[in-house]
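Colleague: Each protein sequence line maps, in turn, to chains A and B. Residue 38 in the working numbering sits at position 38 of the first sequence; the count goes up by one each step and never skips. Count along the second sequence starting at 1, add 1000, and that's the number in the working numbering.
Hints may be right or wrong, so weigh each one.
[Claimed, not checked] With a Cα cut of at most 30 Å, we get these calculated BS3-like pairs of lysine-lysine:
no.	chain 1	residue 1	chain 2	residue 2
1	B	K1072	A	K3
2	A	K221	B	K1109
3	A	K12	B	K1213
4	B	K1116	A	K67
5	B	K1213	A	K3
6	A	K3	B	K1109
7	B	K1116	A	K211
8	B	K1072	B	K1088
9	B	K1213	B	K1109
Please keep in mind that the hints were generated in silico from the structure rather than gathered at the bench.
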Amino acid sequence: MVKLRLWSTYFKQALSSILYNRLVYAVSVGTIAISLLIFGAFVLLSVNVKTWIQGWGQTLSISVYLKDGVDEGTREGIRRAISTLQGAEIKGFISKEKALQDMKGMLGSQAGLLDGLTRNPLPASFEVAFRNVDKAKFQPKRIKEGLEKVAGVDEVQHSEQWIDQFEGLFYMLKIAGLAIGGLLCVAVLFIITNTIKLAIYSRRNEIEIYKLVGATDWYVKAPLLMEGALQGLLGALIALGVLLAIHFVLSFKVIQILGLPFMDVVFLSAGYVLGILSLGLVLGLLGSFIAIGRFFRF
Amino acid sequence: MIQLFHVSKSFGPTAALKDIDLRIRTGEFVFVTGPSGAGKTTLLRLIFGAEPPTEGQIVINGINLSRISGTKLDLLRRKIGFVFQDFKLLSRRSVFQNVALALEVTGEKRSLVRKKTHQILRSVGLASKEEAYPVELSGGEQQRVAIARAMINDPMILLADEPTGNLDPDITREIMVLFRSINLRGTTVVIATHSRELLRNTDQRIIALHGGKVLE
Chain A
1 MVKLRLWSTY
11 FKQALSSILY
21 NRLVYAVSVG
31 TIAISLLIFG
41 AFVLLSVNVK
51 TWIQGWGQTL
61 SISVYLKDGV
71 DEGTREGIRR
81 AISTLQGAEI
91 KGFISKEKAL
101 QDMKGMLGSQ
111 AGLLDGLTRN
121 PLPASFEVAF
131 RNVDKAKFQP
141 KRIKEGLEKV
151 AGVDEVQHSE
161 QWIDQFEGLF
171 YMLKIAGLAI
181 GGLLCVAVLF
191 IITNTIKLAI
201 YSRRNEIEIY
211 KLVGATDWYV
221 KAPLLMEGAL
231 QGLLGALIAL
241 GVLLAIHFVL
251 SFKVIQILGL
261 PFMDVVFLSA
271 GYVLGILSLG
281 LVLGLLGSFI
291 AIGRFFRF
Chain B
1001 MIQLFHVSKS
1011 FGPTAALKDI
1021 DLRIRTGEFV
1031 FVTGPSGAGK
1041 TTLLRLIFGA
1051 EPPTEGQIVI
1061 NGINLSRISG
1071 TKLDLLRRKI
1081 GFVFQDFKLL
1091 SRRSVFQNVA
1101 LALEVTGEKR
1111 SLVRKKTHQI
1121 LRSVGLASKE
1131 EAYPVELSGG
1141 EQQRVAIARA
1151 MINDPMILLA
1161 DEPTGNLDPD
1171 ITREIMVLFR
1181 SINLRGTTVV
1191 IATHSRELLR
1201 NTDQRIIALH
1211 GGKVLE
């Protein structure tokens, strides 16, 4: 009961100090929020890129681009060559005109940009999907090399190429996220440590009086640790709120404007949300701990 | 009982106290006097446990200060009241809150904190100033708040460092009457002062310090 009463006193003291030094704390919380927002944005991007890669990886497909001016006979030859491939299924033939039309559709209100073209630069293509193929044995490079030798075929692109590129991008994002996240964590620690140091300096007379009347070290330290924890937690909450707003805008506006409705933008899972909140909390506590350690012995 | 055995205290090369042997009995009223720099404040701070001695042992009611943990020392301080010349009140807190603080840190029930704070403020004649802030009080009133805060935990010992240094003679007399009444209730009172006026006509024990040594 005594301890519960003391905890309530610590919390009141922490809140009172935050309110008294509200400007310093507002700047500190804002900076923590921005830092965690940048970190959270990297996590969000990584999570989405990973989701996209996983989605694309489930479908093995190739696009066979045809040279301009290919006649009907040559096109049939290409169709036959594709049909001989194990598990291959032609999902459709996209003529040059259809490709241009699709592009206009994707550009939406910006489609006028294509009006100035004197000739259609887009190639016709066969879209091919592979069904019931063992992913481990699927050799897109060999298929690509084989098909590119067929008369009338300009280029073959396979989804694996995209996946490889995106996996590279994902890896880079992960490394950049970790590096930037690490640096931001150090920055957040530095900010919280200095805010708490300022709080201690501004309350050093108060702390001296607490000690004079027999307050234990913990009685003085606990509110300061709470102040740090509250700063970190509040910063993380704001960061997640802004991230959620960005996610909303991206999902409903930007993806539509860019004409990429097939790209589902997912938000962070409960685990990641908890992780970011915990990160803010731990950084807050650690920052306070460092600041307090300079003034008191633990 | 306050006991000091061969206590010395140095700050770098400067010796503030040299080989002090002293006994102050429970319930005694003692003045510690001497010129500035004689070591009066250092002696009080050592008894309070705010500083460790460089040499020697300090024993308060059978507890050796150099042999207890920091937390136990904090708990012991709740039984030692300290009054300063500059009052050391929290300017952002009311008179009531300043006095209640000494009980709040012990985790005492709020109802008891309120009751005891009202009582002690009444006993020092400040019942009508509970809601006032230190800046709104006179020097004498501020010192009475500091004394009330020092007394709220019913301390065994009350230490006062130049408690009347900032007060005029009339207020000084009032404060001394307050200290005497506290002593009559059984609290050991140790007052450090360089005021000859305060020591004139006193029948209390006087410990004179000079250059960090006890003269008598």
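Colleague: The structure should be examined with respect to each hint, and the outcome stated for every one.
Modeller: Hint by hint, here is what the structure shows:
no., hint, result
1, B:K1072 with A:K3, "17 Å, holds"
2, A:K221 with B:K1109, "21 Å, holds"
3, A:K12 with B:K1213, "47 Å, violated"
4, B:K1116 with A:K67, "97 Å, violated"
5, B:K1213 with A:K3, "45 Å, violated"
6, A:K3 with B:K1109, "11 Å, holds"
7, B:K1116 with A:K211, "20 Å, holds"
8, B:K1072 with B:K1088, "23 Å, holds"
9, B:K1213 with B:K1109, "45 Å, violated"
Hint compliance for this structure: hints 3, 4, 5, 9 are broken, all remaining hints hold.
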